[in-house]
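Let's have the full structure, built from the sequences with the hints guiding it.
Here the protein sequences come in this chain order: A and B. At position 337 of the first sequence the residue is numbered 337 (my numbering), and the sequence of numbers has no breaks. At position 25 of the second sequence the residue is numbered 1025 (my numbering), and the sequence of numbers has no breaks.
Check before you lean on any hint, since a few could be wrong.
Listed next, the in silico DSS-like pairs over lysine-lysine satisfying Cα-Cα at most 27 Å (straight line) [what the hints assert, rightly or not]:
hint, chain 1, residue 1, chain 2, residue 2
1, A, K22, A, K198
2, B, K1006, A, K423
3, A, K203, A, K19
4, B, K1146, B, K1035
5, A, K326, A, K203
6, A, K198, A, K326
7, A, K22, A, K203
8, B, K1005, A, K423
9, B, K1146, B, K1005
10, B, K1146, A, K326
11, A, K203, A, K102
12, A, K335, A, K423
13, B, K1146, A, K423
14, A, K22, A, K105
15, B, K1028, A, K423
16, B, K1146, B, K1002
17, A, K331, B, K1146
18, A, K423, A, K326
Honestly, the hints are just simulated from the structure, not real lab data. Keep in mind the model is a prediction, meaning the values are calculated, not measured.
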Amino acid sequence: MFAPGESRLNLARLRVLDKLIKSRWPLLLARSITLAGFVFTILVGLLGSPVGSHNFAIIFVWIAWWTALKLFFIPLGGRSWCSVCPLPMPGEWLQNGSLLTKAQKSIGLGMRWPRRLRGNWLASGLFLLIGIFSALTLTDARLTAWILLGLLGTAMLLSLIFERRAFCSYVCPIGGFTGIYAKTAPLEVRVIDSDICKSHAEKTCYTHCPWGVYPLAMRDSSQCGLCMECLRVCTYDNISLNLRPFGSDLGQTNSITRLDETLLALVMLSSALSFSAVFIGPWGWLKSAAYDVGSTAWWAYTGAYLALSLLVLPGLYTLAVWWSQKTGQAKAPFKRLLADYSQALLPLGLFTWIAFTIDFAFPKFSYVLQVLSDPFGWGWNLVGTSGVSLPSALLGAAPVLQVGAVVVGLFWSANLSQRLVAKQVQPARARRAILPLAGFSLLFSLTMLLLLLG
Amino acid sequence: MKHWKKILFWGLAISLGLVISLAPMPVKATSSNQKLFKIQASRFAFSPAVLAVNPGDQVTIELVSQDVVHGLSIDGYDLHLVADPGQTASMTFTAGQAGSYTLRCSETCGAMHPFMVGKLQVGGNDLLWRAAGLALLAVIAGVWWKRV
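This is the structure in structure tokens:
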């Protein structure tokens, strides 16, 4: 199972997993369950109690699912949620003309996604849009249901116009950050022997991949949705599902400058700060400002959030990279450095979001139990948990866990900066060239700690 | 040789981390006092939102609701207070161990109810200072790791 000299474990060599992966039925079953849950969530959101904390749609989407995504799916499985996500399913089924495999004749125009819109630009913009309306979205069940319906409709429409999973690859606000953080995760799909692929004329892995990814050309896991279709169709059994060390995709200098990933990483950092201030902080005026959409206070909040996301943090980061380039006399172009060094923002962002999620979700877990008994908020008590509340003593552990998360993310980020800088500058200058980047990460983390614990 | 340097590096980093996390902080000698807080609760906010007391203080909270029914509970304390609109509800308790404890509205009061929070600060905010120290240590260790 371990390739010689490799620190990877090919999980597809495990007989039970191999059977599960090679058959299309288990994934179809899992996706059908999530789709059923998704439809139920929309119905409850539209028909249930307007009080967010009593409505299954709000609690399951923004507390249970969000927590699972941030604490489990992304850190351990990268884009594993994408493999069972219900959003692209109806569109994909229509596109394929079948539930399991591609039919001979597919439905839809099959156009290529416009080159100018490639990358994470749209995903960053949509995440900012969600951030602007976050206080309303996270508390209004009707709005949550309409957003879910809107995403489902958009995914379906794009599937009928464009080829493959255009929505997931270029538009989905969740897929965007899940993709960049997938680089930190210990799971990957990779080619075993590249020579076999080079001589394989049919390229069945590529022609069958719903994401349009050619495994041999994959430079990281950000675009792989872990659907395992390539493992199923490879005629040479030459693709592996590897358990790998955390962050294996990070620390490389890239041949392509991806400033879209840099912007998304910065948007995720600024959103973590902004959401912490609004949802965890004690400032009632800020909560009101974020909630009262259309008011003067809301416009001020929106302006501040956008300024933080698009000016302040990108400005500070650019300054740090410029300073690092100047002191280290790195020869690579400035744009390339901006993109390459931003890899260090990924563990920083991921662990910051974990810290935020601990405080955001832990105290509200009792709501999850309550809506299981009373999903519509109509006073039911189906499984006897409608009045359950967690002992308040349990919540005392949350701040310690948050500190642990921030510190781990910061260590990882600083270490990654050191490795990235070492590839660009002479060893004698490396130490000074790291300081601005490490300083940026430290400043961000201290601000986050102040919001979480201050 | 490199193996021993790694052990030394991690030994030193973990030791410093433990010192920062567990070393006793200087405590100001204070006698137990009685503290009274009149908290106004309205639309997602407590005012004042931060209550600073010392360990051992007898703390009385008078909660006045200015709009709808609000509640008040404190993480780590088995206390619960409900105030009807325009009415005052009060409770008295003894502040325990130093630390920062979240005040929460415990009665559904509107859309942002789950996020209506405040803070009871007992003694100094040691955790924040320790966290800042650990963050600084993490950066230094991160930059130095693999240089050893």
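Tested hints:
1. A:K22 to A:K198: OK: K22 of chain A and K198 of chain A at ~23 Å, within 27 Å.
2. B:K1006 to A:K423: This hinted pair holds, its Cα atoms lying about 22 Å apart.
3. A:K203 to A:K19: holds, 23 Å
4. B:K1146 to B:K1035: violated, 52 Å
5. A:K326 to A:K203: violated, 45 Å
6. A:K198 to A:K326: The given pair, whose Cα atoms are some 42 Å apart, is violated under the 27 Å limit.
7. A:K22 to A:K203: It holds: about 18 Å lies between the C-alpha atoms, which stays within 27 Å.
8. B:K1005 to A:K423: holds, 23 Å
9. B:K1146 to B:K1005: The hint holds at about 10 Å.
10. B:K1146 to A:K326: holds, 24 Å
11. A:K203 to A:K102: holds, 16 Å
12. A:K335 to A:K423: Answer holds: K335 of chain A to K423 of chain A is near 16 Å, not above 27 Å.
13. B:K1146 to A:K423: holds, 14 Å
14. A:K22 to A:K105: holds, 24 Å
15. B:K1028 to A:K423: violated, 50 Å
16. B:K1146 to B:K1002: Holds, at roughly 10 Å.
17. A:K331 to B:K1146: Judged against 27 Å, a Cα distance of about 23 Å means the pair holds.
18. A:K423 to A:K326: Distance of about 15 Å is within 27 Å: holds.
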